[in-house]
Structures are given as structure tokens and as C-alpha cells.
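Residue numbers (my numbering), protein chains in the order written: chain G, 1 to 253; chain E, 254 to 403.
Rather than coming from a laboratory, the hints here were simulated on the basis of the structure.
Be careful, since some hints might not be right.
[Said to hold, decoys possible] Where chain E lies over chain G, by a calculated footprint (3+ residues, C-beta under 8 Å):
(1) 124-136
(2) 157-171
(3) 174-188
(4) 205-212
(5) 233-241
Beta carbons: idealized from backbone N, C-alpha and C, even for Gly.
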Amino acid sequence: MNKVPKIVVALLASLFVTTAFSQPDEPAIDPGAIAALEKMGGYLRTLKAFRVQAITTNDTVLEDGQKIQHEGTADILANVPKGLRIHTDNDRHERLFLYDGKAFTLWGQRMDYYATVDAPDTIGKLADMLEEKYGMDLPEIDLFRWGTAKMDTTAIIGAMDVGPAVINGTTCQHYAFRQDDIDWQIWIQKGDYPLPRKVVITTKTDDARPQHTAEYQWDLAPSFNDAAFTFDPPKGALRVVLEDTLSSDDANE
Amino acid sequence: MKRIFLAFLSVSLLVFIVAEVNARGRGGGGHHERSQARSSINSGHHSNHSNAYRNNGNRNVNINSNRNVNVNVNNRGYHHGCCYHDDYHPLAIAAAVTATAIVVGSIVHSLPPSCQTVISNGFAYQQCGDTWYQPQISGSSTTYIVVNAP
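Please put together the full structure from these sequences, using the hints given.
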């Protein structure tokens with residue numbers, strides 16, 4: 001140690017100080033990353049009909065902090081603005097979400113229970129109604145909220161262009177964003193069709209930082225008929241109520 | 254010899270079935286969830302509200318079901334212990350839960366044994382002895398809320 005020239009120590013120390021002070025308090029926002037998000041959102045809202053097949057993972061945190069990951073699928077067919085059919089399946093539950101512009105039905109095949117409620121006249125209003133009245137998010141609802149007033153870029157406190165990346169053979173640009181409660185990443189297809197190809201959401205409100213991931217396969221010319229969006233209860237299916245998680249909380253807290 | 258073999262086989266089968274039923278009936282190991290990853294960016298309700306009632310639901314049913322389940326399940330090296338997001342069929346879990354008196358408004362994730370489905374005004378209820386449950390479905394779970402007789 002004594003053999004190290006003092007000048008080197010001084011240089012190293014000054015380098016450390018410079019580095020420490022040049023670190024910004026807030027993560028920087030790259031306007032290009034925000035613009036890419038807005039471009040993607042604008043493009044999504046021009047789509048009149050599409051089918052998205054998503055492979056998802058979702059972490060559950062146990063009381064001791066151990067994380068358990070469940071994998072699943074979501075098959076989403078949208079006929080904007082009045083038709084939506086989503087089939088989700090994972091180890092834990094299977095659901096069919098159906099909306100025909102007038103009614104919304106949620107059917108759990110394994111239990112053969114279904115719930116039907118009156119619905120407003122667009123997919124966007126349906127999503128808002130389910131969220132506000134029942135505390136329920138439609139699966140992969142961001143696909144319907146980017147490019148609308150519900151896309152809140154003011155919540156973003158950090159935005160970074162990570163660089164090019166390939167998702168399932170598709171060349172994408174990878175962006176990373178920070179918000180108060182979540183960090184999230186998105187891979188947007190390069191070229192004339194700026195579609196989201198992958199999303200990772202990291203929840204920061206739990207120390208274990210559970211994640212939700214989704215990889216999307218897009219079909220922009222799906223074939224379907226109107227019956228795809230209407231629920232015809234199978235024989236033996238039992239009608240139950242749609243759970244209102246908002247008021248169940250109040251009742252139990 | 255053949256008879257002994259058959260007896261052994263049927264006992265094994267019984268043990269297997271009990272273990273399976275109990276595994277599906279849950280509680281194994283007592284691993285309760287404390288949170289879940291948020292699954293959307295652009296949504297308004299970000300609190301972990303859904304966990305609150307799940308934990309309360311556990312309190313109502315798990316004291317008994319854990320006791321029943323652990324012996325079989327853990328001996329088999331299973332860890333079916335977490336995450337109240339399954340759909341259980343009332344019949345499949347009958348063996349795992351011993352009923353206790355439950356007040357109206359309580360929410361449970363599984364039903365006691367010997368329930369029957371009753372349809373009233375087009376909606377399904379489960380009548381289990383003197384207690385009535387209304388099944389309710391969400392995007393990720395099926396629960397039962399204790400109600401007055403419809």
C-alpha cells in the first residue's frame with residue numbers, strides 16, 4: 001500500500017467523488033422512449049380487429065418472501081369497439097371473458113359457474129366499469145389502454161432506451177420505465193407495425209419484487225363471427241354473481 | 254395370496270385418493286400468500302386490496318383443513334400449499350374441511366361437506382346444513398360468501 005504513489009490515490013479519490021456527484025437523484029427520462037410508447041399506443045388504436053395469443057407468468061409472494069411463479073396463456077380476440085373474447089388458462093384457473101357490446105360474461109369452466117352483468121357500449125368503457133365497480137382487471141388490459149386517455153405517461157419517472165432486441169424472431173426495440181410502484185419493460189416491434197411483443201412488470205411495493213411477464217403473438221386479420229362474443233350457457237352451468245373485490249375488502253378490513 | 258394383494262392394493266389406492274383429495278383441498282404446509290405481481294401498467298386500482306380478504310378467508314377455514322392436510326401431503330413430498338387462486342369443486346374438497354359456525358358476510362375459499370346446490374331467482378346457492386353460501390366468481394378465484402337464506 002505504501003508503494004502506491006500518492007498522486008494515484010488522489011486521482012482515484014477525485015474520480016470517485018466526481019462519479020458520486022454526477023449521479024442524478026432522479027432517473028432520467030429519455031423523450032425518445034416516451035415517444036416510442038405513444039407511437040405504439042397510437043398504432044394499437046388504429047386496429048379494428050386483432051387476435052393476440054399471450055404466454056404469461058405471474059409471481060405470487062408467500063408470507064416468508066418466497067416467490068412462486070405460475071405460467072399461463074391468454075387468447076384475446078377483439079372486434080373493436082363492441083366485441084371481446086378472452087380465454088385464459090393456467091394451472092390454477094381457466095376463464096372465458098365474453099363481451100358483445102351489451103353484456104359481459106365471465107365463465108369458469110372448471111367450476112361451471114358463470115356471471116353475467118350489463119355492460120356499456122365499448123371495450124374501453126367495459127374495462128373502466130369492471131375496474132371501478134368490481135375491482136377487476138381484464139387480462140392484459142394494457143393492450144386496450146395504450147393510446148387512450150388511460151395511458152398515463154405522467155406517472156413515468158424514468159424512461160430508457162435499452163437497445164435493440166429480438167423476441168421470438170421479431171426485431172424489437174427494448175425500453176425500460178420506472179414508476180413509483182412498478183418498474184416495467186417493453187419490447188416494441190421495429191418497422192411499420194409498432195406492436196408490443198413482450199412486457200415485464202416488476203412490482204416494487206413488496207420487497208420480493210414479484211413480476212408479471214407476457215409475450216405476445218399477433219394476428220391482425222383474424223377470422224371470427226359475431227357468435228364468438230356472445231355467451232350461450234352450456235347445459236348444467238350455474239349462474240352466480242360477479243365478485244366485487246372492492247366491497248369484499250371493506251367488509252373484511 | 255391374491256386376496257392379500259388385492260387388500261394391499263385397495264388400501265394403497267385409498268391412501269392415494271385421500272392424499273389427492275387433501276392436496277386439492279389445500280392448506281398443505283400453511284404457505285399463505287402475501288402479495289401478487291401487478292399485471293397491468295395502466296390501471297387505476299393499485300392497492301393490494303385483494304389480499305386482505307384472502308387472508309381473512311384463510312382464517313375462517315384453514316385451522317381445520319391444515320390439520321387434515323399436512324399429514325398426507327407433506328409425507329408425499331408435495332407442496333401444494335400456496336395461493337388461493339384455484340377453483341375447487343365443492344365435492345373434491347369435502348374431506349378437507351370441518352365446518353365451524355360462520356357469520357353472514359364471511360368469505361371462504363372452500364365449502365364444508367354435504368352441501369347442495371339450490372337455485373333461487375336464477376342464481377345458484379350452496380346450502381350446507383343451516384348455512385347458505387353464494388358462490389362468486391372473479392378473474393382469478395372462486396369464493397363463497399355466507400348469506401342469509403335466499
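Verification of the supplied hints:
1. 124-136: holds (count 5)
2. 157-171: Per the Cβ count (0), the hint is violated.
3. 174-188: holds (count 4)
4. 205-212: With 6 residues closer than 8 Å to chain E, the segment 205-212 of chain G meets the three-residue bar; holds.
5. 233-241: With 4 residues close enough to chain E, the hint holds.
Hint violations for this structure: number 2 only, all remaining hints satisfied.
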